[in-house]
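Peer 1: As a plain string of letters, each chain reads:
2 protein chains.
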Amino acid sequence: MLQWLRRYRRAWLPGDVSAGVVVAMMMIPQGMAYAIVAGLPPVVGIYASILPPVVYALFGSSMTQSVGPMAIVSLMTAAVIGPLAPAGSSLYGVLAAQLALVSGLMLLVCGALKLGFLANFFSRPVMSGFTFGSAVVIAQGQLPALLGGDFGHIHMPSAALGIAALLLLVLARQWLAGLLRLAGLNPALADTASKLAPMLVVIAGTALMACSSLPAQGVHMTGTVPAGLPGLNLATSSGHWRALLQPGLLIGFIVFLMSMSAAQTLALKRNEKLLSNHELLGLGAANVASALSGGFPVTGSISRSAVNFAAGANSPLASLITAALLALALIAPTGWLALLPLPVLAATIIVAVLGMLEWATLRMAWRYDRGDALAWLATGVGVLALGVEAGVVIGVALSMGTLIWRASRPHIAVLGRIAGSEHFRNIERYPGLTQPEILLLRIDANLFFGNVEAVGERIEEELRGHPGACHLVLTMTAVSSIDTTALYALTEWNASLKRRQIGLHLAEVKGPVLDRLRQTELLQQLNGQLFLSTAMAVDYLHRTVPGWDPHI
Amino acid sequence: MLQWLRRYRRAWLPGDVSAGVVVAMMMIPQGMAYAIVAGLPPVVGIYASILPPVVYALFGSSMTQSVGPMAIVSLMTAAVIGPLAPAGSSLYGVLAAQLALVSGLMLLVCGALKLGFLANFFSRPVMSGFTFGSAVVIAQGQLPALLGGDFGHIHMPSAALGIAALLLLVLARQWLAGLLRLAGLNPALADTASKLAPMLVVIAGTALMACSSLPAQGVHMTGTVPAGLPGLNLATSSGHWRALLQPGLLIGFIVFLMSMSAAQTLALKRNEKLLSNHELLGLGAANVASALSGGFPVTGSISRSAVNFAAGANSPLASLITAALLALALIAPTGWLALLPLPVLAATIIVAVLGMLEWATLRMAWRYDRGDALAWLATGVGVLALGVEAGVVIGVALSMGTLIWRASRPHIAVLGRIAGSEHFRNIERYPGLTQPEILLLRIDANLFFGNVEAVGERIEEELRGHPGACHLVLTMTAVSSIDTTALYALTEWNASLKRRQIGLHLAEVKGPVLDRLRQTELLQQLNGQLFLSTAMAVDYLHRTVPGWDPHI
Numbered sequence: 004m005l006q007w008l009r010r011y012r013r014a015w016l017p018g019d020v021s022a023g024v025v026v027a028m029m030m031i032p033q034g035m036a037y038a039i040v041a042g043l044p045p046v047v048g049i050y051a052s053i054l055p056p057v058v059y060a061l062f063g064s065s066m067t068q069s070v071g072p073m074a075i076v077s078l079m080t081a082a083v084i085g086p087l088a089p090a091g092s093s094l095y096g097v098l099a100a101q102l103a104l105v106s107g108l109m110l111l112v113c114g115a116l117k118l119g120f121l122a123n124f125f126s127r128p129v130m131s132g133f134t135f136g137s138a139v140v141i142a143q144g145q146l147p148a149l150l151g152g153d154f155g156h157i158h159m160p161s162a163a164l165g166i167a168a169l170l171l172l173v174l175a176r177q178w179l180a181g182l183l184r185l186a187g188l189n190p191a192l193a194d195t196a197s198k199l200a201p202m203l204v205v206i207a208g209t210a211l212m213a214c215s216s217l218p219a220q221g222v223h224m225t226g227t228v229p230a231g232l233p234g235l236n237l238a239t240s241s242g243h244w245r246a247l248l249q250p251g252l253l254i255g256f257i258v259f260l261m262s263m264s265a266a267q268t269l270a271l272k273r274n275e276k277l278l279s280n281h282e283l284l285g286l287g288a289a290n291v292a293s294a295l296s297g298g299f300p301v302t303g304s305i306s307r308s309a310v311n312f313a314a315g316a317n318s319p320l321a322s323l324i325t326a327a328l329l330a331l332a333l334i335a336p337t338g339w340l341a342l343l344p345l346p347v348l349a350a351t352i353i354v355a356v357l358g359m360l361e362w363a364t365l366r367m368a369w370r371y372d373r374g375d376a377l378a379w380l381a382t383g384v385g386v387l388a389l390g391v392e393a394g395v396v397i398g399v400a401l402s403m404g405t406l407i408w409r410a411s412r413p414h415i416a417v418l419g420r421i422a423g424s425e426h427f428r429n430i431e432r433y434p435g436l437t438q439p440e441i442l443l444l445r446i447d448a449n450l451f452f453g454n455v456e457a458v459g460e461r462i463e464e465e466l467r468g469h470p471g472a473c474h475l476v477l478t479m480t481a482v483s484s485i486d487t488t489a490l491y492a493l494t495e496w497n498a499s500l501k502r503r504q505i506g507l508h509l510a511e512v513k514g515p516v517l518d519r520l521r522q523t524e525l526l527q528q529l530n531g532q533l534f535l536s537t538a539m540a541v542d543y544l545h546r547t548v549p550g551w552d553p554h555i
Numbered sequence: 004m005l006q007w008l009r010r011y012r013r014a015w016l017p018g019d020v021s022a023g024v025v026v027a028m029m030m031i032p033q034g035m036a037y038a039i040v041a042g043l044p045p046v047v048g049i050y051a052s053i054l055p056p057v058v059y060a061l062f063g064s065s066m067t068q069s070v071g072p073m074a075i076v077s078l079m080t081a082a083v084i085g086p087l088a089p090a091g092s093s094l095y096g097v098l099a100a101q102l103a104l105v106s107g108l109m110l111l112v113c114g115a116l117k118l119g120f121l122a123n124f125f126s127r128p129v130m131s132g133f134t135f136g137s138a139v140v141i142a143q144g145q146l147p148a149l150l151g152g153d154f155g156h157i158h159m160p161s162a163a164l165g166i167a168a169l170l171l172l173v174l175a176r177q178w179l180a181g182l183l184r185l186a187g188l189n190p191a192l193a194d195t196a197s198k199l200a201p202m203l204v205v206i207a208g209t210a211l212m213a214c215s216s217l218p219a220q221g222v223h224m225t226g227t228v229p230a231g232l233p234g235l236n237l238a239t240s241s242g243h244w245r246a247l248l249q250p251g252l253l254i255g256f257i258v259f260l261m262s263m264s265a266a267q268t269l270a271l272k273r274n275e276k277l278l279s280n281h282e283l284l285g286l287g288a289a290n291v292a293s294a295l296s297g298g299f300p301v302t303g304s305i306s307r308s309a310v311n312f313a314a315g316a317n318s319p320l321a322s323l324i325t326a327a328l329l330a331l332a333l334i335a336p337t338g339w340l341a342l343l344p345l346p347v348l349a350a351t352i353i354v355a356v357l358g359m360l361e362w363a364t365l366r367m368a369w370r371y372d373r374g375d376a377l378a379w380l381a382t383g384v385g386v387l388a389l390g391v392e393a394g395v396v397i398g399v400a401l402s403m404g405t406l407i408w409r410a411s412r413p414h415i416a417v418l419g420r421i422a423g424s425e426h427f428r429n430i431e432r433y434p435g436l437t438q439p440e441i442l443l444l445r446i447d448a449n450l451f452f453g454n455v456e457a458v459g460e461r462i463e464e465e466l467r468g469h470p471g472a473c474h475l476v477l478t479m480t481a482v483s484s485i486d487t488t489a490l491y492a493l494t495e496w497n498a499s500l501k502r503r504q505i506g507l508h509l510a511e512v513k514g515p516v517l518d519r520l521r522q523t524e525l526l527q528q529l530n531g532q533l534f535l536s537t538a539m540a541v542d543y544l545h546r547t548v549p550g551w552d553p554h555i
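First to last, the protein sequences are chains A and B.
My numbering applies: residue 4 is where the first sequence begins, and numbers increase by one.
My numbering applies: residue 4 is where the second sequence begins, and numbers increase by one.
Worth flagging that the hints you see were computed from the coordinates, not collected in a lab.
A couple of the hints might just be wrong.
Note that identical chains are pooled: a pair holds if it fits in a single copy or bridges any two copies.
As a list, the in silico SDA-like pairs of lysine to any residue whose alpha-carbon atoms are at most 25 Å apart [as the list claims (entries may be wrong)]:
| # | residue 1 | residue 2 |
| --- | --- | --- |
| 1 | K276 | V57 |
| 2 | K513 | E425 |
| 3 | K272 | L526 |
| 4 | K272 | Q528 |
| 5 | K272 | G404 |
| 6 | K501 | A457 |
| 7 | K501 | G358 |
| 8 | K513 | R461 |
If we strip away everything but chain A, and leave its shape as in the complex, we get (with noise of 0.2 Å):
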């Protein structure tokens, strides 16, 4: 906690100052547009992005993580709290506070269980797939408000504006960068300059709707934005609490995923270590934060990240000082906000989630591993099929089939002795001596109630295509680990091989795996004998086997 504020260094400071103000000038359009995604009013986007990047900073481990709104986060809010309370009344707020409080306490609660293994969890076509698909229903989504309506009831002055800002934020984004690098600017200066073009783009359309008659002409605004901090927003909560812990736990889910992404992208690039736990605490209280200063969930946003990363953030203080600013904002008149156009606010969505479409990992994945390539169909298809929820439940169904499937796979050797050593390897890839009475099997996987079904099926067949072996020697070099229900399998299967006068030897025990074995009965039961090496195993029981020429 805090530790980059005991080794902070001076020489950060113009880094996070820059950043800080960068981020803070791309955050109030972001964060506006991101509340809407959500389903609520524009302000709510800003009360989000005060206080849970200042708690992330005393709790996170990422040094240029930027907390707050985000797009697929957004999205799912909408699509958790829509069905429980009208749109606009004050209801929808207070259960998307209550929905980052619940995300907020599950994500604290992994963290002190130290669950953060679980960013493990998503694929990265997975991941790709559902990031594409929710994009696509973002975009979708905001066609009636950068049109004025429906698309038979175009309204021409709102179509008109909001088409105008998408094709200066399509185009800034295209050439921005370049232009400002032909001017003279240097190349990062530039490329974080052009990321302004949304705040930019935002204060012309606020500009000329104060000035011209578009407001007349019914082009829809914002709205009276209050004034001042926001307040705690959970008095009313009522029994939704309920209603809310499986969707919180769906949310809380991907706000790790997402913000965990988002991090190890920008950590690898300075080589600094994330450690997933201190971040499950960190986007918890960031939550929670949220909750208690009325807004919603919150996540690391990739982009933002990106940005702050690129403008020079060195520590947490860039995201303070970012906080700082946009609570200025808000202390300050904040009239102006009233005029901002939504057309041109669903431009900037548009465009945010445009950058979040790409195929390139889906192209990747289909030449390289089609099952990955039918994964990330499957999710981007289920979200805009079915909805972002479910887009979430089949990738983890997915994710999990397929830990299952890899796990139910274990490789199983053959072993065979290199003449006239005693090295023994696997006959397949290397030509093994080896005899019909004793079977040699090196299980290359840890025990476990994933692989111990197969690990028994490939025993019985393996018995099967020797049928004179005597003896079974199991080569353990691979096994670290023998859970409870591969300690029952064992048992089964010595009771099994013994009623068939087979016997069943155990070679190369690592210690710790023969310290636990020794608590149980397996060790006297067996119907066999421990070897410390396949050789000696090898050797013992040749002498066993009747016809045995000790000369050889």
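Use these hints to put chain B onto chain A, whose structure you have.
Peer 2: Chain B only, in chain A's frame:
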């Protein structure tokens, strides 16, 4: 399908006939009892015992599995349907059949997708804890029926009858087999005969009701049983399909796990091969058949299958004979079934589930693997405190968590050269020669999304521990696959190491892995080389290290 019929031998017939008869006598009281557990009229339990085993005989792979009503699946059925329809209503029966249909179709789909590997999902402690908790819930649920009322309002004649039946059954369970053996029966026959005690107690109870004043005193009976075979019961199915989807999936999952664990135990005793994908199809078809004949979810029962096995069943013909006898029992006059006293049926249920209360797995896990013991307790307590559905979810979450946790801890060894040889071994276990400039890591796991983060962290940790290393060699002997996520990670590690001027070399990459990597850009971009062996890598890199003496 029907493979067993093609290779049927005449010698199997006596065993199949006797097992068929014994299981039928066991099935009548058990089927009625488990229908009561599911909240259904007793006769439905007999409906569900006719068509399902016939259909299972066509598709399943186990030779001795007895498919029909089963206590835990009945409990889950009651938990699902209870909130949707009033007990005793015809809607309740329709929904129970509909649930069997949904579960059956899901099992068939899983079978078609060859998802049989999911049988490895629950660890043995989780399964044991789940069974234990469910047994307690079932026994507790039968107490009012046993005593003729709640604890405050015990109906003395009912309680006397119920407790008498309970004592008889407990005594029979403990002593009957022994007594029969003393009376000269051979042990196997004595064991089997003792399993008929519930049938005898039920017949005695019914006779008592017929000749005594107990019915007049208010002892509840099963009531009129409609004669004849069941008809299709899904016609009135209403809009509950959606509500049954998720519970149907959970029940299908438990149906599969319960049946597989029963069949595996028996298959091991006869060295039969069980095909989990065939089991999915067999159980799916059996549940669809149960739905079509007005039943409820069914599965293979370990207690009944063990009796089937012990009574000499050699093939599914035994189950066909059982089904035929049950159908006959329904066609025959069923008036006597109406007199069956409910306290006696409750006693048979309680005694049946007492057999499922075993502490041995918990005790063993507690001594051997504390984590497994905690999983047992979490699942068992979860079922007791939150219900059987929540118990399944807890079991799934624990299994998933364990899988990810295991996957996220791959074994990685730092290698050193065994002096004077071409062999490289783990320096923690063998004294090996190392050089500060070259770090050799052997990755002992397939690289995939579940462990790639952990591998990356370990690499960074080793590089911090070997600050002089300018070459990193990854020995890939144990890597049989690299998924898309891991391919991305390798690419990122390569870029990161390149920036730090550390070479990344791959040694002993397996043929199939190499073939797939060649389709990507990783090898062209590799900041190092591919080597056939670790020894070749070290010999080559040696020469590039400044100050190396070629004469050593």
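Peer 1: All hints are to be evaluated individually against the structure, with a verdict given for each.
Peer 2: To see whether the hints hold, each was checked on the structure:
Proximity of K276 and V57 under a CA criterion of 25 Å is satisfied intra-copy only: 21 Å inside one chain copy versus 60 Å between copies. Taking the closest pair of Cα atoms, K513 and E425 come within 25 Å of each other both inside a single copy (19 Å) and across two copies (24 Å). In this homomeric assembly, K272 and L526 come within 25 Å of each other (Cα to Cα) only across copies, at 21 Å, whereas the closest approach inside a single copy is 51 Å. Taking the shortest alpha-carbon separations for K272 and Q528, only the inter-copy value of 18 Å comes in at or below 25 Å, while the best intra-copy value is 55 Å.
For the homomeric pair K272 and G404, neither the shortest alpha-carbon distance inside one copy (32 Å) nor that between copies (29 Å) is at most 25 Å. Within a single copy, K501 and A457 get their C-alpha atoms as close as 20 Å, which meets the 25 Å cut-off; across copies the closest is 41 Å, which misses it. For the homomeric pair K501 and G358, neither the shortest alpha-carbon distance inside one copy (64 Å) nor that between copies (28 Å) is at most 25 Å. In the homo-oligomer, the alpha carbons of K513 and R461 lie at most 25 Å apart both inside one protomer (22 Å) and across protomers (22 Å), since each shortest distance falls under that limit.
The structure fails to meet hints 5, 7 from the earlier list, while all remaining hints are met.
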